[in-house]
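Residue numbers (the working numbering), protein chains in the order written: chain A, 691 to 952; chain B, 691 to 952.
Don't take every hint at face value.
Straight-line distance between alpha carbons at most 30 Å, and here's what the computed DSS-like set of lysine-lysine pairs gives [claimed, not checked]:
no.: 1; chain 1: A; residue 1: Lys827; chain 2: A; residue 2: Lys909
no.: 2; chain 1: B; residue 1: Lys793; chain 2: A; residue 2: Lys696
no.: 3; chain 1: A; residue 1: Lys749; chain 2: B; residue 2: Lys699
no.: 4; chain 1: B; residue 1: Lys934; chain 2: B; residue 2: Lys909
no.: 5; chain 1: A; residue 1: Lys751; chain 2: B; residue 2: Lys818
no.: 6; chain 1: A; residue 1: Lys827; chain 2: B; residue 2: Lys751
no.: 7; chain 1: A; residue 1: Lys909; chain 2: A; residue 2: Lys867
Estimated spans, in silico, between C-beta atoms of each pair [to be verified]:
no.: 8; chain 1: B; residue 1: Ala848; chain 2: A; residue 2: Met944; range: 47 to 53 Å
no.: 9; chain 1: B; residue 1: Glu734; chain 2: A; residue 2: Ala744; range: 49 to 55 Å
no.: 10; chain 1: A; residue 1: Val776; chain 2: B; residue 2: Ala836; range: 41 to 47 Å
no.: 11; chain 1: A; residue 1: Pro753; chain 2: B; residue 2: Asp940; range: 35 to 41 Å
no.: 12; chain 1: B; residue 1: Phe935; chain 2: A; residue 2: Lys815; range: 48 to 54 Å
no.: 13; chain 1: A; residue 1: Gly766; chain 2: B; residue 2: Lys737; range: 31 to 37 Å
no.: 14; chain 1: B; residue 1: Ala836; chain 2: A; residue 2: Tyr755; range: 24 to 30 Å
no.: 15; chain 1: A; residue 1: Thr700; chain 2: B; residue 2: Asn922; range: 46 to 52 Å
no.: 16; chain 1: A; residue 1: Thr790; chain 2: B; residue 2: Phe852; range: 38 to 44 Å
no.: 17; chain 1: A; residue 1: Ala701; chain 2: B; residue 2: Gly903; range: 37 to 43 Å
no.: 18; chain 1: B; residue 1: Asn922; chain 2: A; residue 2: Glu762; range: 35 to 41 Å
no.: 19; chain 1: A; residue 1: Thr700; chain 2: B; residue 2: Asp812; range: 37 to 43 Å
no.: 20; chain 1: A; residue 1: Lys699; chain 2: B; residue 2: Asp855; range: 26 to 32 Å
Keep in mind the hints are simulated off the structure, nothing from the lab. For glycine and all other residues, C-beta sits at the position ideal for the given N, C-alpha and C.
Number of protein chains: 2
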Amino acid sequence: MNFFEKDTKTAMEAIKSAQWIAFAPIVFQASLALRDLGILEALEAAKTDGLTLAQIVEKTKLPEYGVRVLVEAGLGIGLLTLNNGVYHMTKTGYFILNDTMTKVNMDFTQDVCYEGMFTLQDSIKQTKPTGLEVFGKWKTVYEALAHLPPKAQQSWFAFDHFYSDGSFPQVLPILFKHKPKHILDIGGNTGKFTLKCLGYDPEVKMTILDLPGQLNMAKKNIEAAGHIKRANFHEINILDDSQKFPKGADIIWMSQFLDCFS
Amino acid sequence: MNFFEKDTKTAMEAIKSAQWIAFAPIVFQASLALRDLGILEALEAAKTDGLTLAQIVEKTKLPEYGVRVLVEAGLGIGLLTLNNGVYHMTKTGYFILNDTMTKVNMDFTQDVCYEGMFTLQDSIKQTKPTGLEVFGKWKTVYEALAHLPPKAQQSWFAFDHFYSDGSFPQVLPILFKHKPKHILDIGGNTGKFTLKCLGYDPEVKMTILDLPGQLNMAKKNIEAAGHIKRANFHEINILDDSQKFPKGADIIWMSQFLDCFS
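Extracted from the complex, chain A is given alone in its bound form (with noise of 0.2 Å):
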């Protein structure tokens, strides 16, 4: 990897790009509310028209004093273009608003992360997650998945998803190539994973390996597939390695385990 090798910024870049980090949580909220209060979704259905600020108050039906703020914010931000009083979606407020992996990230920042971002430091010098009291008292989030807030459970678990969908068609073919009928899912969380392979192959026995919050939601899920039959669920805390993994499987496999543990 050679990606960080260089500085690339000149010195008017690289001020810049600082003060666009020391004002970084504002440019994200500011962001969030225009795509969340409707503002860029009524600038996009105007398309070549635009929109003045009294017709974004009109569509948005929101205060005319927060849609100034927020406009002049997306202005600065580059989510929108100013042109003789009429408001346009640039490019960049075209992702924020329609493409999901940003749609994902923001989400997760918001309803996950920005809160207990506030004690990094803290979580740094002590060697442990002191942000994660924001949603009670947990040694790790994992324990605290299945008790988390709807919408942060939701947007955990839509983040995860989505940066592990998109490999499962690409593995199945290869694991599946030497036909076991036995697989550990190690960290199975919600079952996703382990119901692609009950699909796929119809005489293969899964077992989901995790914490017992998130064994329930897998059962839930699996139930619901009509595939609880070949499913085992066994509790187990990865990071104990006390605790022994179940013998005699065919494939030992982590379909979503995060590499994020020191």
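With chain A held as given, fit chain B onto it using these hints.
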């Protein structure tokens, strides 16, 4: 003003910008941690030699895992480069560490705005600063100012003064050209501008108009400077039209009044 007429980004630049926005609060907190935990400082001191991960850990006395996560974030954000295992600081890193405006802006964003910005959408809809609850029950931040936690107060005034101080030497000769005997300093804040005037002309009398919390701070500062005899303090809420200004001044001046009211 025609800064914002054109969408100047290509689609590739726009999606990169959208992703940057999506993770902006994390970019911000990681940059702040690299600054405040002494990592950028250690890299600056190492000059062109740079530092390995082990050397950064040794110099900062921080846990290795946290340092590794932060320097990897620093590569992505563009604050650091990596060559054969050796980290160096980029120009952007230099500005984050050393540029006064960047420092003042980052402290203000973190200490005053970060937590409150979480509820921006509610503020827009309700036309009131809902995020201010972080600091207690206040109608506006101006009433809260004298009661903020010390760090938040310090960052607020550093931000405020940074943007007003530079104008003082430029406006004083203009203001005093006609030898005013009495100046009203509207929203006089901590008394910085009034003190400049009292120092500039040993005859002038000043009256600061502000909320009681600010007047108390100003009084202390002006007393400490030995100028209290020529200073008056007039309690007023400028946003309340029924409250009148004192009469008989030669100049009415808004030294530090922010343009941020609906």
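What are the numbers of the hints that this structure violates, sorted from low to high?
The structure conflicts with no hint, since it agrees with every one listed earlier.
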